[in-house]
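The opening position of the sequence shown corresponds to residue 1 in the working numbering, with each subsequent residue numbered one higher.
These are calculated hints, taken from the structure and not from any lab test. As the structure is a computational prediction, the values presented were derived from the model and not from experiment. Do not take every clue at face value.
[As the list claims (entries may be wrong)] No farther apart than 16 Å at their CA atoms in a straight line, the calculated lysine to aspartate or glutamate pairs in the EDC-like style are these:
(1) 48 <-> 131
(2) 111 <-> 137
(3) 59 <-> 16
(4) 55 <-> 38
(5) 55 <-> 16
(6) 55 <-> 100
(7) 48 <-> 96
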Amino acid sequence: MNPNLLEKIASLVAEDQRLTLYGVTWQQYEILRATLDDFAGLRMTYFKGTLEIFKPGSKHERIKSLIGRLIETYSLETNTRLYACGSTTYRNQAEERGLEPDESYCIGELKDFPDLAIEVIVTSGSIDLLEVYRGLEVPEVWFWKNGQLSLYHLQAGQYEQIERSILLPNLDINLLVRCANMPAQHDAVIEFRNAIR
């Protein structure tokens, strides 16, 4: 392993920092993923030879946690069987894709790949995340960016943007967005819970 590469990776300590590497083989990606597993919060996205290493900042982590709390509150209040998988690493060697979602969920039962993945975009990277998810065949992906939520559903091998979740059709997305934009997490969860009761 190149010592300069390890030094660059180790320097990713400030908020919302990215390092993009090109010409990375699948084996090198797997070695780096295993080597860096002890670095809390460090995320990697691999797409056909391009590897992006991302260290999320506090703003990113707060919003992804709040969205997760709201979805889990919805699950409890509506008796929706939901399995939180968090930032588990998902890989498909044949498709040369791998990543850790900000939040991910299986609905109904636990599966090898999540039904729903959520990505919070504070700073954009160079890899098209929908292309990565397409190769992993994740049915629904939500992107939070600039206080808005964009939903995508996998249909016939391509993602199409949707207004309502196909997986959670009774979830009021406008309510979720309004509460996710509230400054106090506790108040946001209480308001969300009271609105769906």
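Results of checking the hints against the structure:
1. Annotation: proposed proximity of residue 48 to residue 131 holds, straight-line Cα distance about 10 Å (limit 16 Å).
2. For the given pair, residue 111 sits about 12 Å from residue 137 by alpha-carbon distance, which is consistent with the 16 Å threshold.
3. Between residue 59 and residue 16 the CA atoms are separated by roughly 9 Å; this keeps the pair inside 16 Å, and the hint holds.
4. With a C-alpha separation of about 13 Å, the suggested pairing of residue 55 with residue 38 holds against the 16 Å cut-off.
5. For the proposed pair residue 55 and residue 16, the alpha carbon gap of about 5 Å is at most 16 Å, so the pair holds.
6. Our distance criterion of 16 Å between C-alpha atoms is met by residue 55 and residue 100, whose separation comes to about 12 Å.
7. Distance restraint check for residue 48 and residue 96: the Cα-Cα separation of roughly 5 Å lies within the 16 Å cut-off, and the hinted pair is therefore satisfied.
When each numbered hint is compared with the structure, no violation occurs for any of them.
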